[in-house]
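The lines below spell out each chain.
There are 2 protein chains.
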Amino acid sequence: MNKFLFCCNESDHKTAIIGDEDFRHCIKVLRYGLNDPIQCTDGRGNHYVGSIAEIRKKELIMEVQEHHVTPPRKTQLHIVIAPTKNMSRIEMMIEKCVEIGVDKITFLNTKNTERKVIKIDRVMKIAWSALKQSHQYVLPEIGEMVSLKNFLLDASANDKKYLLHYDEQAGHLLDASWSENNIVMVGPEGDFTMEEIALAKETGFENKILGDNKLRTETAGIVACSIFNVINR
Amino acid sequence: MNKFLFCCNESDHKTAIIGDEDFRHCIKVLRYGLNDPIQCTDGRGNHYVGSIAEIRKKELIMEVQEHHVTPPRKTQLHIVIAPTKNMSRIEMMIEKCVEIGVDKITFLNTKNTERKVIKIDRVMKIAWSALKQSHQYVLPEIGEMVSLKNFLLDASANDKKYLLHYDEQAGHLLDASWSENNIVMVGPEGDFTMEEIALAKETGFENKILGDNKLRTETAGIVACSIFNVINR
Numbered sequence: 001m002n003k004f005l006f007c008c009n010e011s012d013h014k015t016a017i018i019g020d021e022d023f024r025h026c027i028k029v030l031r032y033g034l035n036d037p038i039q040c041t042d043g044r045g046n047h048y049v050g051s052i053a054e055i056r057k058k059e060l061i062m063e064v065q066e067h068h069v070t071p072p073r074k075t076q077l078h079i080v081i082a083p084t085k086n087m088s089r090i091e092m093m094i095e096k097c098v099e100i101g102v103d104k105i106t107f108l109n110t111k112n113t114e115r116k117v118i119k120i121d122r123v124m125k126i127a128w129s130a131l132k133q134s135h136q137y138v139l140p141e142i143g144e145m146v147s148l149k150n151f152l153l154d155a156s157a158n159d160k161k162y163l164l165h166y167d168e169q170a171g172h173l174l175d176a177s178w179s180e181n182n183i184v185m186v187g188p189e190g191d192f193t194m195e196e197i198a199l200a201k202e203t204g205f206e207n208k209i210l211g212d213n214k215l216r217t218e219t220a221g222i223v224a225c226s227i228f229n230v231i232n233r
Numbered sequence: 001m002n003k004f005l006f007c008c009n010e011s012d013h014k015t016a017i018i019g020d021e022d023f024r025h026c027i028k029v030l031r032y033g034l035n036d037p038i039q040c041t042d043g044r045g046n047h048y049v050g051s052i053a054e055i056r057k058k059e060l061i062m063e064v065q066e067h068h069v070t071p072p073r074k075t076q077l078h079i080v081i082a083p084t085k086n087m088s089r090i091e092m093m094i095e096k097c098v099e100i101g102v103d104k105i106t107f108l109n110t111k112n113t114e115r116k117v118i119k120i121d122r123v124m125k126i127a128w129s130a131l132k133q134s135h136q137y138v139l140p141e142i143g144e145m146v147s148l149k150n151f152l153l154d155a156s157a158n159d160k161k162y163l164l165h166y167d168e169q170a171g172h173l174l175d176a177s178w179s180e181n182n183i184v185m186v187g188p189e190g191d192f193t194m195e196e197i198a199l200a201k202e203t204g205f206e207n208k209i210l211g212d213n214k215l216r217t218e219t220a221g222i223v224a225c226s227i228f229n230v231i232n233r
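So the protein lines, in turn, are chains A and B.
Residue 59 in our numbering sits at position 59 of the first sequence; the count goes up by one each step and never skips.
Residue 105 in our numbering sits at position 105 of the second sequence; the count goes up by one each step and never skips.
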């Protein structure tokens, strides 16, 4: 079996259709032909192993020989993060978090958030690419930008909710307790304001730290994701 | 006190000299003037707080009012990593590891290492920038590229030595035991060869994993660094 995992658009579990960039990569770049073995995922937990049955102009049909299902993770991590001014930093964070393991990412508009617009299409492309590269089958949900206030209004009372902000009194995220659904909120480059922190605490967020070093926003997102995944493995 | 930490070239602990880019940043960009409060570090554990006493053409003299010393960490992490083909990935890894906490980085030439040359000057610049940004005072040592064989020959018998390579039998790095000096070795994008793994094991390296997900080289470096620092905090 070759090492590439493609993304498929549709599948009835007997055949799968691979189009767009993955089609071009498979046929034009890698030059696979009829009957060559390939594998693909729909990003919804389905992993198909099979071979190329038909090559059309803009898509290929794969005959499914094996179908494996990856269920959603039992302990889910939702990272809520204020995007950095420099887009490449937030894109790198998305790539790293998807590789390491994250279930949902939401972009947060706070008082000090410098970037107010996120191109979700571009972000989804990066997430797909990291998913395929790390051979995973469940694409994280990526939400549009939301204001801190609206996000806090919608946050479920049942979730474990942590806020990363340096505070001498706060405990380390490593010692946090986790439930089925968990939110870790990361502030902007200029940090949360005192009002924002107070508001988040009122709605059930607990303040945690990642250690003594002052980390950049995107680094805090990656380290939080890494800690969550080593604890909930 | 303003938030910027500058790099100083020399200091007798009474005055410190800030030159080059940091001088330009301080005087030309931030437009600080005589008597303005500033702080700097020599990257060798010294943190100076004081004010601008003299502005010359290409450097400034700072009068030291406070001198704090950060000793080397008691539990040291040496990351030994094969550089990625894409230089920006390894640069990002260096930035993140310095922020999170690392004491030494060495670049490794293995059979599958695609990048055989590293510009140490450029790498040092990134490390300095991350050090200042995260307000730390001990610059990690960054070594020239070395072949795996030579590195193994020189590795001390007293160090704890771990090798990251996916193996069903291997335990998680989170459960590793650490001593004063610790080495974590990360392979290239095409992984270590079986011979290389055997050779490393012969010289005392123990195989560890970072979980089930297949991580890119630079992500493995960051996650290993993050795990080391949460355990040895």
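None of these hints come from the bench; they were simulated from the model.
Note that the coordinates shown come from a computational prediction; the quantities given were computed from them, not determined experimentally.
Misleading hints may appear alongside valid ones.
To be verified - Computed beta-carbon distance windows for the label pairs:
1) A/SER177 with B/LYS28: 48 to 58 Å
2) A/SER129 with B/HIS25: 44 to 54 Å
3) B/THR15 with A/SER88: 34 to 44 Å
The C-beta atom is built at its ideal place from N, Cα and C for all residues, glycine as well.
Here is what the structure says about each hint:
| no. | hint | verdict |
| --- | --- | --- |
| 1 | A/SER177 with B/LYS28: 48 to 58 Å | 50 Å, holds |
| 2 | A/SER129 with B/HIS25: 44 to 54 Å | 36 Å, violated |
| 3 | B/THR15 with A/SER88: 34 to 44 Å | 39 Å, holds |
Of the numbered hints stated above, the single one contradicted by the structure is hint 2.
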